[in-house]
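> Residues per chain are reported as follows:
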Amino acid sequence: MKKANEMTIVEAARALRARAFTVRDLWNATRLVAKEKNDNIFAYLELFDTDDTAIDDAQKRIDTEGDKAPILCGIPIAVKDNILIKGKTASASSKMLENYKASYTATVIEKMRAEGALFLGRTNMDEFAMGSSTETSAFGKTKNPHDTNRVPGGSSGGSAAATSAHMTIASIGSDTGGSIRQPASLTGVVGLKPTYGAVSRYGLMAMGSSLDQVGPLTKTVDDSEILFKALRGRDEKDPTTIPDDLYPKREVNSTLRIGVPRAILEKGVDEDVLNRFNETLEALKLKGHTIVDVSLPTNAYALPIYYIIMPAEASTNFARYDGMRYGLSKHGKTLLDDYIKTRSEGFGPEVQRRILLGAFVLSSGYIDAYYRKAHSARSVLVDEFNNAFEKVDVIATPTSPSPAFRFGEKSNDPVAMYIEDIFTVTANLTGMPAISVPMKMVKRDEKPLPIGIQFTAPHQAEDVLFAVGRAVENTQLD
Amino acid sequence: MASAKDIRHLAELSRLSVSDENLPRLAKELDGIIAYVGQLNELTIDVDKTPSVPLLHNVFRDDCYKKQDGVDTEEIIKAFPKRKGNSLSVKQILSHEEGK
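Sequence order for the protein chains is A and B. Just so you know, we're using the working numbering here: the first sequence kicks off at 394 and counts up by one. Just so you know, we're using the working numbering here: the second sequence kicks off at 228 and counts up by one.
Chain B on its own, in the form it takes in the complex (with noise of 0.2 Å):
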């Protein structure tokens, strides 16, 4: 069962919040799913089987700058929320004080 605690946890991972009036819907709503997708736990497998054939192929290129200058990158400056100059501009990482 997701409590609130848990909840509030995985929100908080997630980058999210969640609104005390939303926290029994969406607890009742994940503790269905997560039983729904528990069934899996009737199969009895090895953990750790890959495929006999893989699905996924590794990809070599050559270690090299491909992009062509200049390339959409008026467009990507463009979308910026926040800029200055041709620079994102974003909020200070490692402190929050205020003022800085």
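For reference, chain A alone in the conformation it holds in the complex (with noise of 0.2 Å):
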């Protein structure tokens, strides 16, 4: 049998219910890997001291209601340190927050608490969710399991090597331009990105507010769809969610159509990638689903549109970072002076950057050449998905440009490391949810590492995704 850490959601819940072993037992064998493990590759800021009130009841839903308890009863989960849990640390990586007790609880929290989760852990991120490496965490590197020379990708590096080296069952992270499915691809593992709205973000620290969605990081893809189908719903303390028919319902088709929007592939992906790429979806054709060439004109401009409208609204969201109320609070002789000094002193290099880009392409002269350009293409590339929904199911790319790179390879230039995020970004702009799922492996310097093919679905159409991605996961079988 599989090592009780190593197991997905769906064996853990199904050896808990056999009685192989214990709700006890299987926290106890995740923490202890967990806590071996993190020494070196540093997924975990903190990881929690065991809760035996949660254990225990759990262990009775378990017990008493077996089947019937929820899948998630007893399954050790790893959280990302921007998602509240009340009376714990919440530091989003920064020294901003870095001794911020949460005042309340996220909604995500609460749903999985009611199922019976446990939570393991609060995981390394890059400050803010600001970075596709989580090397701008202000509190440590964390490594790639895969080859621990190189980044896990971010800004949910944290759980996404977390779930990958088996130090959890499976974790949840935030996404505003492909802070989960990056890190998914970078470290071999499916990383779910969710409609806009589909999922609450109440307790949820806000970066790009039309952006941001909170999704799992699984070892396959039934268990994204389960965690998924656990924390998504509408929620009265997030007035963004939305309710389950906003958009029409699409049909999963037991063969899917596939759209590639091959102008986009020509330049910019690495060789071994796009042969991946391709070799999965010959495979796919294989199976019997359709490869469809699509045409997204405006999609070649994503990543500018991208970084207008997120540094635009990052640097409205930062003002809250004060040292008014919660968070490190630094004084000078006036009251000028404190937020200057708290927020020099507070916020790393990458967040100031991105205050002041955002600070720049608001302010009056250029508002109308950059954000409001932006604002409109960003209609204009809605609309082009819209319409390439009308003839293929999903639209496919793979989820980054290259595999897994060396610390410091891309840190001391902001465009490079922007450029990581290219064909995720789009998701976030036109509010569809997205998937990335391991592909084969890609060799370098004699090490295998993984890679993601990525899925865009219509809004709403989740279910979609997971069709597809199970027959990614069974052409790798083959």
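If you are wondering where the hints come from, they were derived from the structure by calculation, not from laboratory data. Glycine is no exception: its CB is placed at the ideal position from the N, C-alpha and C atoms. The reader is advised that the hints may include incorrect statements.
To be verified - Covered stretches of chain B, as calculated for chain A (at least 3 residues, CB under 8 Å):
1. 239-249
2. 258-271
3. 309-318
As the list claims (entries may be wrong) - Label-pair distances were calculated between CB atoms; the ranges are:
4. A/Glu399 - B/Gly259: 28 to 36 Å
5. B/Ser230 - A/Lys784: 47 to 55 Å
6. A/Lys622 - B/Leu282: 22 to 30 Å
7. A/Glu866 - B/Arg252: 24 to 32 Å
Mind assembling these two chains? They're in different frames, but the hints should get you there.
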């Protein structure tokens, strides 16, 4: 039998019900591995103490309710450090919130807790979710379990590495421009960015409010579906959450029409990655799925659009970190000095860069050329995707243009780092759901490295993503 | 090109201080990013275009006080860096004269 910590949610839930082990055995085994590996991998900023009451309650439910107990009952989950659990530190890997204890609990945590899930710890991330390598964390670098000289991607790098190295059964993260999918791709796990508004953001620290979503990082597509269904749903505390039937329902056909925007794959994609991508499409074709060329001309501008809209929204959201009500608080002579000292000492370089960039694109004289133009281009992009989805069920690209890179390789060149997000930002701009699923590995320095394929579906068509994701998993078995 | 003056102005708007030492690096980085996002100028589109299917939807609720009294209040007060009783203590806003 597989070791308990190496199991998926489905396997662990089955083993708990078959009395192969207890909730406490599963917790202890997973926490032990997490603790042992963390010195090297540094996926966790903190591992939580054992919560005996929660463990006993979960066991009682499994004993009394059996198969009727929620599938997450007794399952250890890792949580990205920008999601609040009342009474626990929530730092967003920033000095600004290093000693901040959450004053309330995020809805996604309440929902998982109601199902009996257990929380293992808070995972490392790029500071305030700004980055694609987890190198901007104020507290240390998370390593890629497949090659510890390389980054795990970001910003949910800790959650991805923890899942990949079996330091948890599954994780949750947040995705503003690819922060779940790109680290999932680089560490070989499944990452889902749900439809904008599908999952409550109450208790998630805001970055780009028209882009942010919470979602799962898991070992399989089945687990992704399980966690998504546990997290999703309208929340009175988050008015941007959407009703179940906001968008037209999509049928999940047994064979799918897969659209490929060939034009944007012509340059900038690593050759091995492109080969894997084409092989995966070929394998899907053999299973009866259809590959169709789609034209999305504005997609070539998705990254510039994103790096205008996101900083504009972030600079606005980040005005709240002023040292007045919580978090770091530095004092000078005047109130203005207090603000400036707190923010300059609390925020790291990437956060400061994005705040300045946001102030620039919104400032008078530039707002028309940058922010308003980006806003209009985003609308064109949404229309292009909606049109494409009249002919296809999903749109496929690689998740990231290259496999995991070495530490320091891109950290001194912001634009090179931003290009990591070139295929992922689009789904955040359109609000459509997207999933990253591992393809076959590529080799770097003799080491096999994972790389993901990304599928995007129309709004609220996550079921189509799970279907195509499972199809990719099945081709890996051949 | 972002001049030293531009960066200082943006920093002032953002309530950040930029040291003389960091200024040249920051100017170079921002120039690089602004040049990259400036690719958008190649696109000819109507300004003020909105998507045919809106991304955001109005949400209405009853105009009433929803929060249950006392829920999370203690924790929020505990997080205050400076307090007097249950009130948040801040510096004087309208005047910066010393000793006030």
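> Tell me, in ascending order, the numbers of any earlier hints that this structure violates.
Numbers 4, 7 - these are the hints that the structure violates, sorted from lowest upward.
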